[in-house]
Amino acid sequence: MLEVELKTYTKEKKILLKEHENEFVLIKENKIEGIFETQNDAIRVGISKFGNSPFLVKKIVEREQIQNFTSRLIKCDS
Amino acid sequence: MNSVTLPVSNLEIEGPIVDVSFSIPNELDSKLKIEDKKIPNPILVKAMIDTGSSHCVIQENIPKQLGLSPVGATGIRTATGRRECYLYFLRMSIPKHNFVYEGVFTAVTLEAQQSACLIGRDLLSKCTFIYNGPKNEFTLDLSK
Numbered sequence: 001m002l003e004v005e006l007k008t009y010t011k012e013k014k015i016l017l018k019e020h021e022n023e024f025v026l027i028k029e030n031k032i033e034g035i036f037e038t039q040n041d042a043i044r045v046g047i048s049k050f051g052n053s054p055f056l057v058k059k060i061v062e063r064e065q066i067q068n069f070t071s072r073l074i075k076c077d078s
Numbered sequence: 001m002n003s004v005t006l007p008v009s010n011l012e013i014e015g016p017i018v019d020v021s022f023s024i025p026n027e028l029d030s031k032l033k034i035e036d037k038k039i040p041n042p043i044l045v046k047a048m049i050d051t052g053s054s055h056c057v058i059q060e061n062i063p064k065q066l067g068l069s070p071v072g073a074t075g076i077r078t079a080t081g082r083r084e085c086y087l088y089f090l091r092m093s094i095p096k097h098n099f100v101y102e103g104v105f106t107a108v109t110l111e112a113q114q115s116a117c118l119i120g121r122d123l124l125s126k127c128t129f130i131y132n133g134p135k136n137e138f139t140l141d142l143s144k
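If you read the protein sequences in the order shown, they are chains X and U. Our numbering applies: residue 1 is where the first sequence begins, and numbers increase by one. Our numbering applies: residue 1 is where the second sequence begins, and numbers increase by one.
Hints listed in this document are in silico derivations from the structure and should not be mistaken for laboratory results. Ideal placement from N, C-alpha and C gives every residue a C-beta, glycine not left out. Be aware that a few hints might be false.
[To be verified] Partner residues are not named here, just some residues of chain U that face chain X (Cβ under 7 angstroms, in silico):
id, residue
1, H55
2, A73
3, I76
[Stated by the list, open to error] Computed Cβ-Cβ distance ranges for the label pairs, DEER-style:
id, chain 1, residue 1, chain 2, residue 2, range
4, X, K59, U, T109, 23 to 33 angstroms
5, U, I34, X, T38, 39 to 49 angstroms
6, U, E12, X, V4, 27 to 37 angstroms
7, X, L6, U, D141, 21 to 31 angstroms
Please model the entire structure based on the sequences and the hints provided.
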């Protein structure tokens with residue numbers, strides 16, 4: 001899931017960074033559907049447009065911040 | 001008031017654990033009702049407040065049971081390694097209390113026996129969290 005959307009983001013990232021750094025982009029398949037100030041706004045518009053089908057909301061940043069967990073309860077394969 | 005104070009028999013041993021209910025977000029609920037589609041039943045699980053988690057995570061079968069599609073993907077790093085995970089937008093509430101939160105949860109494989117959700121610092125950044133050890137109770141206040 002979301003392979004097409006992630007490729008679209010990677011392809012458009014340079015352009016997005018120039019004008020919309022730290023905002024949130026909503027992508028469905030290979031189309032940019034909008035730019036939003038908050039993640040929740042982008043998601044709510046995504047649900048309103050596409051219902052319960054996959055879409056991508058991504059923060060436009062040069063380097064994505066990885067999520068960190070000290071807990072050993074979360075299973076990782078590597 | 002979006003605030004709850006909960007007693008725990010032994011807070012030191014059990015940790016700040018709370019019963020929560022997960023359901024589809026309001027926006028999707030309204031859309032499914034308009035389309036005359038079935039609304040999935042809420043799922044009741046235990047959640048632990050975990051200041052060692054940068055983000056809220058849930059057992060990956062919860063969004064699957066609710067029939068939800070992902071709204072994003074991210075990389076995570078834990079004490080045991082790294083992996084890619086999907087993000088889901090869910091409504092979390094504390095039954096019998098007026099506490100409701102809609103936000104993004106990272107779907108992971110949780111090996112915890114007692115909790116299917118870790119409430120992380122992304123939600124806590126919007127809350128006042130009081131851990132009252134001597135009284136064996138904790139408070140989570142989302143009021144703004």
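Hints, one by one, checked against the model:
no.	hint	verdict
1	H55	holds, 5 angstroms
2	A73	holds, 5 angstroms
3	I76	holds, 4 angstroms
4	K59/X <-> T109/U: 23 to 33 angstroms	holds, 24 angstroms
5	I34/U <-> T38/X: 39 to 49 angstroms	violated, 25 angstroms
6	E12/U <-> V4/X: 27 to 37 angstroms	violated, 49 angstroms
7	L6/X <-> D141/U: 21 to 31 angstroms	violated, 37 angstroms
Violated hints, in rising order: 5, 6, 7; the structure is consistent with all others.
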